[in-house]
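**Q** Please build the complex by placing chains B, C and D on the supplied structure of chain A, with the hints as guidance.
4 protein chains.
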Amino acid sequence: MLNCAVIGATGYTGMELIKILLKHSYVRISALTTRQKEALPVQTLIPSLPKDIDLVIRPHSFVELKKSSDLFFLCLPHTEAMETVEKLRGAGKIVIDLSADFRLKDASAYEFWYGVKHRNTARIQEAVYGLTEFFRDSIRGAKLIANPGCYPTGAALGIVPLLRDGLVEKEGIIIDSKSGVSGAGKKLSLSSHFAELDENFYAYKVGQHQHTPEIEQTLSWASGRKTAVSFTPHLLPLKRGILSTIYLRRKKGVTQERIEQSFRKAYDKEPFVRFKGAKQFPALKDVQQTNYCDIGFHFDARTDQLIVVTAIDNLLKGASGQAVQNMNVCLGFPEQEGLGLW
Amino acid sequence: MLNCAVIGATGYTGMELIKILLKHSYVRISALTTRQKEALPVQTLIPSLPKDIDLVIRPHSFVELKKSSDLFFLCLPHTEAMETVEKLRGAGKIVIDLSADFRLKDASAYEFWYGVKHRNTARIQEAVYGLTEFFRDSIRGAKLIANPGCYPTGAALGIVPLLRDGLVEKEGIIIDSKSGVSGAGKKLSLSSHFAELDENFYAYKVGQHQHTPEIEQTLSWASGRKTAVSFTPHLLPLKRGILSTIYLRRKKGVTQERIEQSFRKAYDKEPFVRFKGAKQFPALKDVQQTNYCDIGFHFDARTDQLIVVTAIDNLLKGASGQAVQNMNVCLGFPEQEGLGLW
Amino acid sequence: MLNCAVIGATGYTGMELIKILLKHSYVRISALTTRQKEALPVQTLIPSLPKDIDLVIRPHSFVELKKSSDLFFLCLPHTEAMETVEKLRGAGKIVIDLSADFRLKDASAYEFWYGVKHRNTARIQEAVYGLTEFFRDSIRGAKLIANPGCYPTGAALGIVPLLRDGLVEKEGIIIDSKSGVSGAGKKLSLSSHFAELDENFYAYKVGQHQHTPEIEQTLSWASGRKTAVSFTPHLLPLKRGILSTIYLRRKKGVTQERIEQSFRKAYDKEPFVRFKGAKQFPALKDVQQTNYCDIGFHFDARTDQLIVVTAIDNLLKGASGQAVQNMNVCLGFPEQEGLGLW
Amino acid sequence: MLNCAVIGATGYTGMELIKILLKHSYVRISALTTRQKEALPVQTLIPSLPKDIDLVIRPHSFVELKKSSDLFFLCLPHTEAMETVEKLRGAGKIVIDLSADFRLKDASAYEFWYGVKHRNTARIQEAVYGLTEFFRDSIRGAKLIANPGCYPTGAALGIVPLLRDGLVEKEGIIIDSKSGVSGAGKKLSLSSHFAELDENFYAYKVGQHQHTPEIEQTLSWASGRKTAVSFTPHLLPLKRGILSTIYLRRKKGVTQERIEQSFRKAYDKEPFVRFKGAKQFPALKDVQQTNYCDIGFHFDARTDQLIVVTAIDNLLKGASGQAVQNMNVCLGFPEQEGLGLW
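Chains as they are written, first to last, in the numbering used here: chain A, 429 to 770; chain B, 429 to 770; chain C, 429 to 770; chain D, 429 to 770.
Bear in mind the hints are in silico, worked out from the structure with no lab data behind them. Note that the coordinates shown come from a computational prediction; the quantities given were computed from them, not determined experimentally. Worth double-checking, as some hints may not be accurate.
One copy or two, either will do: identical chains are not told apart, so a pair holds if it fits within one copy or between any two.
Under the rule of at most 27 Å between Cα atoms (straight-line distance), these lysine-lysine pairs were calculated in the BS3-like manner [unchecked claim]:
(1) K679 <-> K654
(2) K465 <-> K615
(3) K697 <-> K479
(4) K571 <-> K447
If we strip away everything but chain A, and leave its shape as in the complex, we get:
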């Protein structure tokens, strides 16, 4: 049994991690930490848990953590993760970081989009980007995994195979994403106040969202050339899920069949991607509470646009689910362990 700690366990990604790890056959939860002073039984945070689970979320000293735990899930805000990663890696621990701090290989891009100085550029090189489907080989045995953002996961899974196979243009990629509100976390704000968001819908950070460079980094890797995207996130009046509608320009002569083949080749053996085929589109309800990414597409011959739609649960495949999937790959556990039937 592997001893796992969740650092910053009181947010929504922490809650999901706890629920998954409790179902996992090869790990035990060795520590759940919070910056709040009082200890709280895990049922206070997640009242749906069985009453006989005996876990407490509380402050832990680094000395305690070093002793009790071997692998750490970091659910800290961006910029706070940097130092904690350093400490844990210094002590030889395996770290799966759910923050954005080690996702971008280009520190200056981080500084531009996040508006803060990167104070631990040394570890950036060590970090493996945890988009499991494309970087599985590097994830095996990795020591520091930068778990992908929610929007970048849904976007990249819909585009990478086509770019890699040279079926679509690198120019003019448009990603129109719609996210449930849990993506914004547990922090109170007027925009997630029930009376403001209920029955409402709007675009935000248009062309300026900090996940843009992360998407572009993956697409540039796939296409072999610097690839820019136009990315527009929207806020949905629901709890969980991201649906991304992606517009791509078909390369001349590429057929619908060729597109299908590309997706099938990429995903037929993937346990957590379900390609639905041409003119079949995913719905958020089909992926909520699961680690799946569902993908469908339409080839619009009238305009030469290819429209790909992907759906994920932002807290699972978009965060905690993929984090555990990465742990499984990293340590050689069966990839679906803990992530099976909802």
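**A** Okay, now just chains B, C and D, sitting in the frame of chain A:
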């Protein structure tokens, strides 16, 4: 006082028309019709109405209608409107048709997208397309007004000024729209069953929605050349409103200021369009229960994409509100009459 | 034209007051105040308002207010209203106070249930309780109106006629109320965080809600004897409306017809109460965005329980709508002015 | 491995059964039936299921079913279950019937409340009422289990211990329940049309709901005397969950401690009931997607009312979860098997 009839008054657009006409100073409701056999007091349909309003929805013979009413709002399903329009126009009545039957000037496009034969092509030429902001002059004194579809209204208002002023390319126009469920009407279906749609979100009729040719007709008129669009509608788990995120390719050298000028010139004097300026985006809650179209935009210099976002209430500016706006223009009433403060 | 000020205009009740007063034929808005430092155009607060309305919310000195305004709507938190009322009344102004500070005639009950000292008991006697339907005569010409709470309005309208007519017992009255979240105001809290309340439902402050003594005060007045109630509020995952299910013990021999007569006598001439009759029940959607209270009932012969259900919009009949209704009565304006068609 | 069939597998309770049985270690799904003609892969019905699950829902002949399956879950509408039960029991099969057909021991009560003749009164005596917590001994080895209704489960669990221990009066019991819309099933109706229910809330079948005699049967058993209740169901604008607010009259001298003891004695060893204690109240979100019933209470000394609040997931503890719990008890499997961590 003008005598107005609402034909097919029991659906959602009929309900909204009744509510508006009751507030209108220059009209009286002379008939509310239904195909159902029993008469029903208007409060049975719209329980929120004051108890002292004495109106009944019931079957009416054409003879009665001819006598009682001068102007007719038609809230009939597509293809049913054709014959009723003929009868009413034959009797010299003014008709505002909320169906799609007379919107497309090209009957073959109608037949292709709606999958039925057009049986009254003669009246197509008489019909004026009622997108008030652009066709006000023709609407004045018109006898048959084809009231625009909900998606086409939100889309065209965000694009026409820029195309007309030659600021964006005619190619590669993408319209990603998200609609509340009242747009699908009162007809029962699994897709609008509460337990299926609640917390759900998805794209439908991708690249195949029947509003596509209506949008293209208006954009072709604006650009002076055949203009195709890629149009993807989505269903939102909320009652009212359509938000459209529109992607346009900037023409070389066009600045953000030039875009702003174009919108201001088009809309500064419009009573029902509110241009919010650069980097200011509309939200559905700001237009729900109003006849407004709100518009914002972002110019993404990194990708040369112009992103325009528009929001309307699909039942008001997208249907019944615009129908009354058109009646006001047609007959010389003040344009805002009946459509002021919710 | 009467000059009206709204003190504390940035909350939900302030917003509704502004929307109503703009439609009112006999008043003009002379001041909208906030404690925030920057002035904000009213459209920033209420983006749905027409763009040509020229009103600004900003801090106002008492000297300014005294000069500019004759009647004041107070939308201040409980306990803050006390001193402002004193100042305004000292200057001879008419005050309609939407807080709880002057609703309870018994200051010690106020202190018990609200947990704070009452610092202006002198004005309590001057205050008229503004449940319009029952206290219309005292409201006429009143100088200080204590506008009722939202729960007490919906509860009292369903019970008072029956108690007054001696048809039900004073003992064992149970009020099970369910409220939309706007009742909790604009203040951020985890309980009104979208991801926490969406799809959720629960009871709160069971047997301990501060509106309990206000309900009991009205019922005691109606029955002529001290009358206690068991009151359980619940939070609904929706924006507006309170539905109260009220359980009363029928007095021996009282028939269904007698109950109906009592309600009809009380409400047939009331402009804002709609009694629906036996076995006809109200729904929140029928009263949302209106100043109505809808009432239905069932007499359960098997258990001798009378079940009365009432529905109101908590922001209108439960707050700002009733406040304007009270102003209309107080000053002799037509009672429905400003409150007509949504 | 026990061979289990689900008869009528395409509704919401069928879906939940499939999901639970797939996780169950001691059963395999041997048949999933529908009256529709075409076979459909289980993923068409439940798209969230893993793609490699190979199950098909299709019509099955009785001969096939007799051969393939040993235990049958019946998810048929009321009155349709009667004959199927007869056939299956005639063949010696174990049946867990989720319909109401065998819940009431008194066939005349069935006929009164359901408005149809009972055509299989012989089997009523054989049937064991499956409220697991109270009838566990009879459920062991039973051949025909009448699985309780959703409302009766939540109501009985909150009242039985107190009645059994003689702490509350048999008179004046009031149950005010609020249910999510999945309780009404998958059948289309205007009342579950999204645009009608969204943001809405109302009471229905007040004093006339068919679950009333089922609740009364259990309470009469607990109190040892005929016990009537006043039961008011309401419809919530959310998918899953029933919250019941129960009003009981305390017997003279009974203390809060005595109430707590009664609940603790009844439920401390129950795997699926979580008693939260005095002044601690359940929320729907804490029981959704679980088989738990959460219970809290408040003793209102001012009015001598005891207010008990219970919460369940109507599709799990209120239907399919309890059905599997009953199967586990019946056949000696661990009671929590298949029902553990969501």
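**Q** Confirm or reject each hint.
**A** Okay, the hints, checked on the actual structure:
no., hint, result
1, K679 <-> K654, "both (18 Å within a copy, 23 Å between copies)"
2, K465 <-> K615, "both (18 Å within a copy, 25 Å between copies)"
3, K697 <-> K479, "between (38 Å within a copy, 11 Å between copies)"
4, K571 <-> K447, "within (24 Å within a copy, 36 Å between copies)"
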